[in-house]
Every structure is written in C-alpha cells, then in structure tokens.
Amino acid sequence: MISELLVPFSYEYMAKAMWVSALVGGVCAFLSAYLMLKGWSLMGDALAHSIVPGVAGAYILGFPFAVGAFFSGILASTAMTFVKQHSRLREDAVIGLVFTSLFALGLLMASIWPTSVSVQTIVLGNILAIPNEDVIQVAVIAAVSLAVLSLKWKDLMVTFFDESHARTIGLNTGALKILFFTLLSACTVAALQTVGACLVIAMVVTPGATAYLLTDRFGRLIVISVALGASTSFAGAYISYFLDGATGGVIVTLQTLLFLAAFFFAPKYGRIASRRRQTAMAEAAP
Amino acid sequence: MTPQPAPAVAGKLASPGASISVRGLTVTYNNGFTAVQNASFELEPGTICALVGVNGSGKSTVFKAIMGFVRPVAGDIRLCGLPVSEAIKRNVVAYVPQSEDIDWNFPVLVEDVVMMGRYGHMNFLRMASRADHYKVDQALERVGMSDHRLRQIGELSGGQKKRVFLARSLAQEGRIILLDEPFTGVDVKTETAIIALLRELRASGHLMLISTHNLGSVPDFCDQVVLINRTVLAAGPTAEVFTQANLERAFGGVLRHFNLGGAALHSDEDSRRLTVLTDDERPLVIYGDERKVEGPAPANPNSPKRSS
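Protein chains in written order, with our numbering: chain A, 1 to 286; chain B, 1001 to 1308.
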C-alpha cells in the first residue's frame, strides 16, 4: 500500500513535475498576495492569454519559449496602453479586447503551422511532458522571481498600500511597479507550462484570496499564501499521477477546496464566525 | 537648478528648521493641462499653514510637486533649503493621505502602518531595529493609539484612522508634514485632538502644510494661509490673507455668503457686521473684527445689493 503511494517519487519525470510545480505554485502565490489587493486579479488572466501567440511563435521558430512570451507580453501592454489613450473605452473593455485578440492569434498560428507543441499543451499545460530545457527555464524564472520578491516585498507592500508615502520615503514607485509586472509576466509564462493559459489566473489569485481571509498582517498573508500555493501544486502534481488527469485541473481544484474551507471556517472572516458574531450581537442588543 | 542658491535660501541651508520655498512654480501635465502657473510662497519653521482653494484649484498639484511626484516645467522648490529629490532622500517630507486614497481593507495592522514611516531610515531589506520599534511605540503613544496597535486599520473610526497616519509621519521624523484634507469625515472632538497635536509639533519647529477647503477652522489654528486658484492668489499671515475679499477671489461664486450688519441686525450705533462664508461644510463666521469692517456694502461687487 505505502509502496504504491510512493510510486510517483520513483519516476524521475514525476519527481521533477512535483518540485517544479511547487516552485511555480509558490511564486505565483506570492504574486497573488499583491495582485488581488489592487483589484488587478484579471490582469494575470489577460497576460496569460496574451502571451500565447508569443509562445506558439517561439516554438515554430525554435526559440526558447520565454523569449516569445516576453515579446508578446510587451506587445500586449503596448497595445492596451495605445488603445486606452486613443479611445474612450474603459480599461476592462480594452484589456478584454486585446487579450482575446492575441489569444485568437496564438490559436490561429498554432493551427496554420503545426508544430511540435500542440494547442492543447499551451492552453491546458502539461508539466508531465515538458522537455528538460523547458524545466530549467521554468525553474530559473521561478527561483529568480522568488528571490527578488523575498528581498523587495516590503517596498512593494508600501507602494501598493500608499504610493504617496512610498515616494516620500524615497522609493522609486514607478520602477517597483514595473518590477512587479515584469515578475508577474515571467511567472505567468512559467505557470503556463504547468497549468496552462486558462488556469494561470487561479494560480495568481486563489492562494492570496484564501490567505486574505485568514490574517490581517501582510507578512503572514504572504507566508500562508506561498505555503498554500506550493503545497497544493506539489500535491496536485502527485495526485494527477493516480488520476491520470490534467495536473492543472487537480492543482486548481485543490486550491479551490482550501479557499472554500477558509470561506466558511476562517476564525475571523469566515461565514460561520461572522454568523456567530451576528447572533451574539442580536442576543446582546435587546 | 544652479548650485548657487539665492542668499535668502543660503541662510536656511544651515538652519535645522523646516522651510518650504516655492518660486514661480508652473506644472503642466502630459495632456497639456497647466494645473498651476507661476505660484510662489515661502514658509518658515514652526508654522501651520493652510493651503486653501476650491477643488481643481491646484492644491494637490502643489502637494505632488513638493513630494516630487510631478516635475515642474518652470520654477524651483526648496525644502529646508534642499532640492526636492535631496530632501526626499533625507526623509524631510512626511505625508498624511486623504482617507479616500487608502484601501481600508488592506491587511495591515495599526503598528505596521506606523512602521512604514521608518522604512526610509532602514537598510534596503527594511529590517526594523530596536530604535525603529521604539520610535513606533513613541509615535503611537503620542497620538493615543497604543491600545489599538494590533487592530486592522479598517476597524478604526475616522478620527483614529487619521491619528494612525499622523503617528506614521511622527515615526518618519519628517520636518515638513503635508496633510491632505485631514478633517474630512472627522468629528469635532478628534479635530480638536489633531489640532492640539499639530500645535505641539509647531512648537518643536515642524512645518505643516494642510490642504483644506474647511474654512471654519483655519483661523483657529493656522498662522499662515496660502490661497490658491491655479496660481497663488495671496499668501501670508492668516490675519492679513484670510479676508472676505481674498476668499471671494479664491472661491468665486462657490461660497454661500451671508452678511448681516447695521440696521439689518440691530438698531443701535454698533457698526460691526456679522459675516458668514460657507461652502456648505463648516462656515467661516466673522463678527465685528476691526480688520473686517469695510463699509456698509458687501465687499463682493458681484453680489446683488438688496434694498430693504
């Protein structure tokens, strides 16, 4: 029985998948702590879809996928800025317009020039089947991002909390925001490989949202979020071996289950706790 | 910016006191809108100064220029004799934001916010030293928020929220404190407490610049006033600047205006008049102050004269 449960660890590709997933899940969760606070949650989704043509193009031309993703990421943000400045459209409409256009372009490219990588791999991700050099790319991106975030998390927190104050203590808030979005784009690319373009959004929102219900301190929020992101990604990759299912689906399902648990049972902000408070208030009132 | 400062500024360079010198400030935004043109004023250490004007008069642009947010197209700003970027590096400027600019659901506790004031004094990893913790404790003590230090900021009342951000500027040890609409959403008791604290800071040589459209309390605690409407209309001691005529220039038709005197109020020889100026928040009431006596007709030539 126990030896059966340990089977995934005996395969090199499985061990690799679990550790890489955990690393990517952890760093995406780190970013989610910031992203959800600013109401930018859907930005991660937009980014993930926008870089699909870049990734497809990179495979067609034989470049590393990160290069393609980088260029289409820049294209996407330039296009969004351009359309926003030169039209009366609201931001959400502009984001929706640009990212779906680019996503469609990516799908089109992949179907006109059939490549070694299928559309399905980009959209759904497949950590179990990615080649070794891609694993290295993903691991390097995630590790560097994690290191930068660990060094700069307080500066980013002040910038996101109160930008004016951040300026008065001498922080270059513009550069910090660019840093944040660069990391977000890089990690989105990395997560694309593990869970696919469609589910990246869950990786950069759900862990932070769950942690938000559990604490009032930003430092702890990050720790909880990273722990949730890394452990669910690790476990998700592990479980997908037995289910023979898509890793992304399993990871995100696990994250959602934890979110629901926090939503109902969180000690201060959970439904049950607030219901109990309301009852106590009602009893104390008359 | 020349390295050779003007003589008046050179003297202040050595002095420890806080000062603001704005000369010919012109700010034009990227979209071509000139928010402030040729604005000049000088403020000395130990001053509480009100920056008064209607919405869109350029109050926040002046603040942004002082904090280095926007780069002036013309003019020069000196803080304690230093250029803005240098002053920011030395934590000279502290900022108390408007309540609307803060996300009150942000997962930070009161003490975390106050600690943010110390970040400019820390190393690049922002590791708090024992001295930093001590200064946070002191700042919280001074604004009377020590008991609430472990509360999430959204759980506080409007006045408590303001005090937390004041504590942050105390912890930052900025000599110049900019306060953006500090009395909005604050009850009178808290307003009094904040004003008392500002007076203490004034006594210790701080310089406070307060953006406000709350006219009523300005003469109570501000010793200087800068009236602004896309440029500085008047600047100087409250008694000289904060007059009915100047306010009408600054606010145009926005102010509600009552002027009662002479026969309208009583039938004796008393020539004093009662004047109420209000933007419908807190009115400014002037009664019988000598400097306000200016003949029987309302000072605003545009206001209709009524024959009784």
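Some hints here could point you the wrong way.
Claimed, not checked - Pulled from the structure, derived: some chain B residues nowhere near chain A, Cβ distances all over 10 Å:
1) Q1152
2) T1184
3) L1233
Stated by the list, open to error - In silico DSSO-like links for lysine-lysine, alpha-carbon gap of 30 Å or less:
4) K152(A) x K1089(B)
5) K1189(B) x K177(A)
6) K1089(B) x K177(A)
7) K38(A) x K1189(B)
8) K152(A) x K1064(B)
9) K177(A) x K152(A)
10) K1089(B) x K84(A)
11) K38(A) x K1064(B)
12) K268(A) x K84(A)
These are computed hints drawn from the structure, not numbers from a lab.
Because the structure is a prediction, the values reported are computed rather than measured.
Yeah, the Cβ is synthetic: ideal placement off N, Cα and C, and Gly gets one too.
Do the hints match the structure? See the list:
no., hint, verdict
1, Q1152, "violated (4 Å)"
2, T1184, "holds (16 Å)"
3, L1233, "holds (26 Å)"
4, K152(A) x K1089(B), "holds (18 Å)"
5, K1189(B) x K177(A), "violated (39 Å)"
6, K1089(B) x K177(A), "holds (20 Å)"
7, K38(A) x K1189(B), "violated (33 Å)"
8, K152(A) x K1064(B), "holds (25 Å)"
9, K177(A) x K152(A), "holds (11 Å)"
10, K1089(B) x K84(A), "violated (34 Å)"
11, K38(A) x K1064(B), "holds (22 Å)"
12, K268(A) x K84(A), "violated (40 Å)"
Going down the numbered hints, you'll see the structure goes against 1, 5, 7, 10, 12, while the others check out.
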